[in-house]
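Asker: In case you want the letters, here they are:
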Amino acid sequence: MLASTRRGRKGMKNMRRFGHRCQNKAFAFFAFLLCSGGSALAAPPAPPQAAETSDVATLPHFSDHWALIATNNVAFTLYDGDKGTILGTVPAKMIDNLAISSDRTKIYTAVSMWSREDHGTREDFLQEYDTPHLALEHEIDLPPRALAVFKQQNLELSADGQWAYIFNMSPATGVSIVNLHDRKVVRTVDTPGCALIFPWAHNGFSSLCGNGSLTNVAFDGKKAQVTQTKSFFDADTDPVFEQSQVNRRTGQALFVTYTGMVYPATLSAQPVLGQPWSLQEAASQPKAGTGVQELAWRPGGKQPFFWHTADNRLYALMHTGPYWTHKQDGTEVWVYDVVQHRLLQRIVLPGPTASIAVSPDTKHPLLFAVQPSGKLFILSAESGEVTKTIEARVAGFLVVPTP
Amino acid sequence: MLASTRRGRKGMKNMRRFGHRCQNKAFAFFAFLLCSGGSALAAPPAPPQAAETSDVATLPHFSDHWALIATNNVAFTLYDGDKGTILGTVPAKMIDNLAISSDRTKIYTAVSMWSREDHGTREDFLQEYDTPHLALEHEIDLPPRALAVFKQQNLELSADGQWAYIFNMSPATGVSIVNLHDRKVVRTVDTPGCALIFPWAHNGFSSLCGNGSLTNVAFDGKKAQVTQTKSFFDADTDPVFEQSQVNRRTGQALFVTYTGMVYPATLSAQPVLGQPWSLQEAASQPKAGTGVQELAWRPGGKQPFFWHTADNRLYALMHTGPYWTHKQDGTEVWVYDVVQHRLLQRIVLPGPTASIAVSPDTKHPLLFAVQPSGKLFILSAESGEVTKTIEARVAGFLVVPTP
Amino acid sequence: MRVPLFDRVTETFTRHLASHSPRRQFLGWFSTFVAGSGAFPLLPVQRAQAESRASVPVPPNTASDFDRLAQSVDPTKCNYWRHCAIDGVLCGCCGGGVHTCPPGTQPSPVSWIGTCRNPSDGRQYVIAYRDCCGRTTCASTPDCHCNTADREMPIYRPQTSNDIIWCFGTTSTTYHCSTAAIVGQA
Amino acid sequence: MRVPLFDRVTETFTRHLASHSPRRQFLGWFSTFVAGSGAFPLLPVQRAQAESRASVPVPPNTASDFDRLAQSVDPTKCNYWRHCAIDGVLCGCCGGGVHTCPPGTQPSPVSWIGTCRNPSDGRQYVIAYRDCCGRTTCASTPDCHCNTADREMPIYRPQTSNDIIWCFGTTSTTYHCSTAAIVGQA
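Residue numbers (numbering that gives the first Met the number 0), protein chains in the order written: chain L, 0 to 402; chain Z, 0 to 402; chain G, 0 to 185; chain C, 0 to 185.
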């Protein structure tokens, strides 16, 4: 009934509008065409566009070529890397964290907030979103998380979708273990002197320690068992990057140091360390040292590494400089064969870049590169060609789906 | 004890450091100067800089040349207009609002927030800050406020410091009246069809109505009495700007329409309307009409007016364009004698400008001009000369102290 | 003073609303009207057909600058014809569409309205600028932030005022982005 | 491989801390240490005098790029000598100073530390980068956002890690800006 009333009013308006036009001498010829009933036109006039229902978009299955990128200190914005367009928004601030489940049906954010924005009661949550609707489905209470700027390794998920691990610092350090099926914290494990999370293939994770060792926490839902390795790197002279990479399916890790040494490891209660190799030597250059005036190509940035596990390639964001430039923006991405310890490719970036990530597919992988200015570049990871340049106001933290 | 221990360690370190230097052959000459005890230097070496206490800054009395400017959708940033530097930060989002008390000892923000950032329980407050410490001293509960982008006229204070008036819209419209001495809402008055707040000299305010009239609310703490004027402008053809100006000391208002007609009024339960005048005629130009292709100099922007009450001058942000360009950025500021209805000055701005405000002093008033890009310009309001250019990431809302 | 044609049409429309409903209830009525319009059955879309024809030229001296320069091809641009009075971030740039909210947000059942001319059929349409609500503001590229003002009115004429956060009756009243749905012909 | 002088000095310092305190209690001890340093009586400031002398030249082959290029005149710039390992917004750009929090904020009693060389006296100082907390992030101009990393370590060496929000023990743990106070000579 409402619709038919509307139809009637539309008709009236139409008539009046055309009436006005026909009286307007300035439009004599144009008006003639319309006022004469449109007979001079080849086709009859199209019916007016119909009223539209407001609806809400849903997303298809999380594509290999999507990335969630921190923007504006209020959210992660979901980008379609092929089109360079936005698909949706997941709230999270600079101090918050985001991870995608292996099956890509869930997005989790570990967040801290105050009931009155910058004051009031502090609350910490693991928030669970379903990917198709980006709907906040659950908020799981957490003990106070560590607050740090953009540390992907402060929140990790197990590949089987059972566990989330959240790093805490108060300033005593520990890890909250969330059972994602029951949606609650089942255990908080102290990790004194150690930080960050590198999940194992099954039921556990390791953390990096200030003395150059690993703390390993086995937890299958019942009892937590903690082991400690011997030191394998010297944190005083050449620490391992926080942004070192792990394959959560296999528990294999690549720990990369400030100078560019790569320590491969298979994580478990008794981690097995592989042969260390140098990013520079693998590129037929001398090993880089720790000299404050020792010029070399060095890894650095806010998110300087991406391990493409399907291709077994390590992407490293590189710049030239002396030691202590581990936070400096990169100008090239060097692509390594992780097995052969061999440089495969050098991709010249369109400008100084803080962070990189690579889409997980092997067919036409995309390289996402974020500039400190907030500009997002999308490149072919094969050819290095820039396919999209977006004024995205993004910060240096990107999350792509990984196995 | 801690201090003396430190002193001892300092001494040791110093010695070792110089020892190292003296062994370094590359520094033979330089080292000689230092290692020989400094006798070659004219003055004895200065003692090392002492350890510093962390402290917190306090502010002097709120200067004529300060302005609070909305920045980054999270705060109003307090700028010193003479130095072009930041003095402090008052939290408030794009939908929030800020006002300074007449005696400048208090800053009030009317804010709406959600307990979990973009969801959870909504709370509305009038927040009271003391100026010297920018300390949040009180949060006064409010009924749900109107949520709109940057509307200074949604929060007003009485000049005597007794009342705050907050505009509500749910979408039914009304005004919450807060007794600032008791710090609570004492009355909410319905203002159907009317919006915004223009305070009187004493105990009341007027609102603009959709039929071109004013609703006037007298409230002295006991009973609210509402009166209504006849229509004095035609909201259909030429509405009055929301950003029209009022002098809260006298209750005199300047209601300016989209075409540039100024309706002076003295507000009370029975407002007295003065003779309307045209911004264009006062500049010896033809009155501007409502033609959608009628080119004229017109007022417009996000905050297009400032009434400098001490000098009795109206500053209007002007651009060239047809009707319906009332939100367009201005390229010039036209300065009017409010009594004589005469253009005194045209100030050419350094670029398209969304919002203006003028410092309240008569000696060397400053003109603050905000560009849509977020750049802040500070100009001499007398000469029009740009004195400061700041990459301030500001939005189009400025608050300066007024009588 | 000559009142331009399209303005007169719009004024009649808004005056009609204003005079036939007590002001106190106006917004309530308007809400129902706009919310109800969302339930219209969608007619078969003739748009592709309409666009295959040449655009109907804009009468050069009765159209606003926006109308004269508007296009009907790309709804993610500020100069898309429906955006003659929009203030905000286009939902089409945020994972939604011209009448579609991005995932995770909720369309407001009430909205402000504009009257815009479609260059492909020469008709004037009433547009409901429904905000999508309940999530932090979309961080789109700056070219998707639009602020146009044809027939836009101050907040004391709320139905055509575009600075208001039009998130009434949604679970959360936080602003995410704005859509521009056709309500009907003007 | 030659370890540069200043690195060795710093390493000794940090190793000293590490080896003499059980790691579990390290942070607690460190907090006391840094918090306590704030209570030092202030000696008469000799800085103006020191700066009237010519700066002490930086040894050209043992200093970091930051040290070589640092200045001791303007503490609101990223290249001010104390800012050799700062990550954040300088409080001096926000209404505070090099060891002063802006009004309405609260200094964190604990902090990360750096070791920086003062070009005006040639000495190395331990700097406490105390965050000012409890208010939304200062919206300073972009040139006041600094990110330097001399001797900066990962979060598993928290005492020299500058990505952490160092707002422990303040009323609210929200980050506003960062200061760089002298703790003593290195």
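If you are wondering where the hints come from, they were derived from the structure by calculation, not from laboratory data. Take the hints with a grain of salt, since some may be wrong.
[As the list claims (entries may be wrong)] Covered, in the sense of this in silico footprint (three residues per stretch, anywhere, with C-beta under 8 Å from a C-beta of chain L), are these stretches of chain G:
no. : segment
1   : 104-111
2   : 135-142
3   : 145-156
Backbone N, C-alpha and C define an ideal beta-carbon position, used for all residues, glycine too.
Asker: Evaluate each hint against the coordinates.
Answerer: Right, here's what the structure says about each hint:
1. With 3 residues having a beta carbon nearer than 8 Å to a beta carbon of chain L, the segment 104-111 of chain G meets the requirement of three or more and the stated coverage holds.
2. For the segment 135-142 of chain G, the assignment as covered by chain L holds, since 8 residues bring a beta-carbon within under 8 Å of that chain's beta-carbons and 3 suffice.
3. Counting residues of the segment 145-156 of chain G whose beta carbon lies closer than 8 Å to any beta carbon of chain L gives 0, which falls short of the minimum of three for the stated coverage.
When held up to the earlier numbered hints, the structure conflicts with hint 3 and nothing else.
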